[in-house]
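Novice: Chains A and B, in that order, are what the protein sequence lines are. The numbering of the first sequence is our numbering, which starts it at 267 and goes up by one. The numbering of the second sequence is our numbering, which starts it at 267 and goes up by one.
By construction, these hints were calculated from the structure, which means they are not laboratory data. Heads up, none of these hints are tricks.
Copies of the same chain are indistinguishable here, so a pair counts whether it falls within one copy or spans any two.
In silico DSS-like links for lysine-lysine, alpha-carbon gap of 25 Å or less:
(1) 468 x 490
(2) 405 x 387
(3) 382 x 359
(4) 517 x 490
(5) 452 x 309
(6) 427 x 387
(7) 517 x 485
(8) 424 x 387
(9) 490 x 460
All values derive from a computational prediction rather than experimental measurement.
2 protein chains.
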Amino acid sequence: MKIAFQGVPGAYSELASRGLFGAGAKTVACETFENVFEAVDGKQTDRGVLPIENSLAGSIHQNYDLLLEHRLHVVGETYLRVEHALLALPGTKFSDIREVRSHPQALAQCSHFFAKHRNIKPVVWFDTAGAARSLLEEKPRGVAALASEYAGRLYGLKALKRGVQNEAGNFTRFLAIARTPLSPLKQRGKHPFKTSIAFGAKNEAGSLFRILGVFAARKIDLHKIESRPNPASPFEYRFYLDFAGGAGEPKVKAALKELLALTHDLRILGSYPRAVLPKAAAKRASRKS
Amino acid sequence: MKIAFQGVPGAYSELASRGLFGAGAKTVACETFENVFEAVDGKQTDRGVLPIENSLAGSIHQNYDLLLEHRLHVVGETYLRVEHALLALPGTKFSDIREVRSHPQALAQCSHFFAKHRNIKPVVWFDTAGAARSLLEEKPRGVAALASEYAGRLYGLKALKRGVQNEAGNFTRFLAIARTPLSPLKQRGKHPFKTSIAFGAKNEAGSLFRILGVFAARKIDLHKIESRPNPASPFEYRFYLDFAGGAGEPKVKAALKELLALTHDLRILGSYPRAVLPKAAAKRASRKS
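Kindly produce the complete structure, drawing on both the sequences and the hints.
Specialist: Written as structure tokens, this is what we have:
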């Protein structure tokens, strides 16, 4: 199995790919999200893995746009806890560190660390894993990187500190995409399925209420709802909806059929086994928040 | 009027502050979003201005979290078109440019430019305006920055190219916050108001349907809805809702009263005049997409 992901080896997306498809999967690093879709479309890889939302930074609309542009199918999801480790070349002591390289968002997520250690300078880098790789390539003295421990192992670095980020409860949700949807037969297994759809609706009072009535009438649980303004047409909204059940189940089929009359450009992005947040991680997040 | 914003002078947030409060307002640069809240809380400034959602990158949940932690009120909103200009020191020609500094997100938003000009190297910087300022401070040769034209004017730079970003339809929505809410009297003016609320609800089939029924029954238009998973408690959701009308209007008051029984931790973030996207900008976005 070949999996396309965006970033350099050691990126959080590659870690999510391994979580979804096992350590034996062959991962292929792509420069952009668009390249991930092209790799799957063009059969260079079997699957693609994309971040779709983060618990602090929100939904990545750009990847929803790409899902709508390309005719690929969501076949899986996973949650990954964003946990930055302070990585350095072996032999480096914490007291040696004068500079820490990482992506600006990761540096911002670790602002409490920098506030506490005023003698350590944050230095911006293109990505977290790239910052880790630069240590192996350049072997600079007194320099560390903030990235996953996974990136650290890949580039032979030592974790001087773990969980450096301010917030314990920072999760990213990743989707797996493929050229063919999961078979409706698989949707009848023991593991509960979920379905992601996107649609347009008129901006008029009660339109969303009527749409949700379709699900309420069938006691279908909703897992996510999000409206997205359309800058090109302020009186139209696009919605993203995730709900319980697979598109092959009779009550979901009936709901989707009824939805056709209430929406436009309805698109089933995919039905796939529902992932749950690891309990220990959720508990830790709850304690800290 | 003193306005706190996050970033260095010339940041898009400062540009949004000027759009909301005029060129005469005194803007105060803050290091973090939290510092913006602290500046308003601690009466160092009269208002704060925060990005809350971007048309490509989604809602900034972190700023919703800060709105819920602090007891401040939303008193205004504005949309800003994200338009990156290629800025250089006066006398620099486009053919001289070998390196372009900016925030990684801005560099990614201009990937088509770098694909076309392979001899120009993108260099990461902490923020767009900081990249512009670095040209004035260091006066490096053959180096440009990607930031707003506003940042360019501030640091005496020339715009060699305008609208360098791939997508014309990239907008950020900003909110203005203050210690006291807008008076209900002001909510009866000619300009239509909108109200932002946040609440928690049980994750059970039909709960959101019943909540939206409160608005549908009163023909209140919804402008935004978003669910946010709670990593600490996967069976609870938090919702953000924006709808038409001010919290002082009788039908809005009645709706909010009914909502108390259907939700928990209901919080009125503020009622404020509704901003519209500039038409010309929306048209251009529509042509390109």
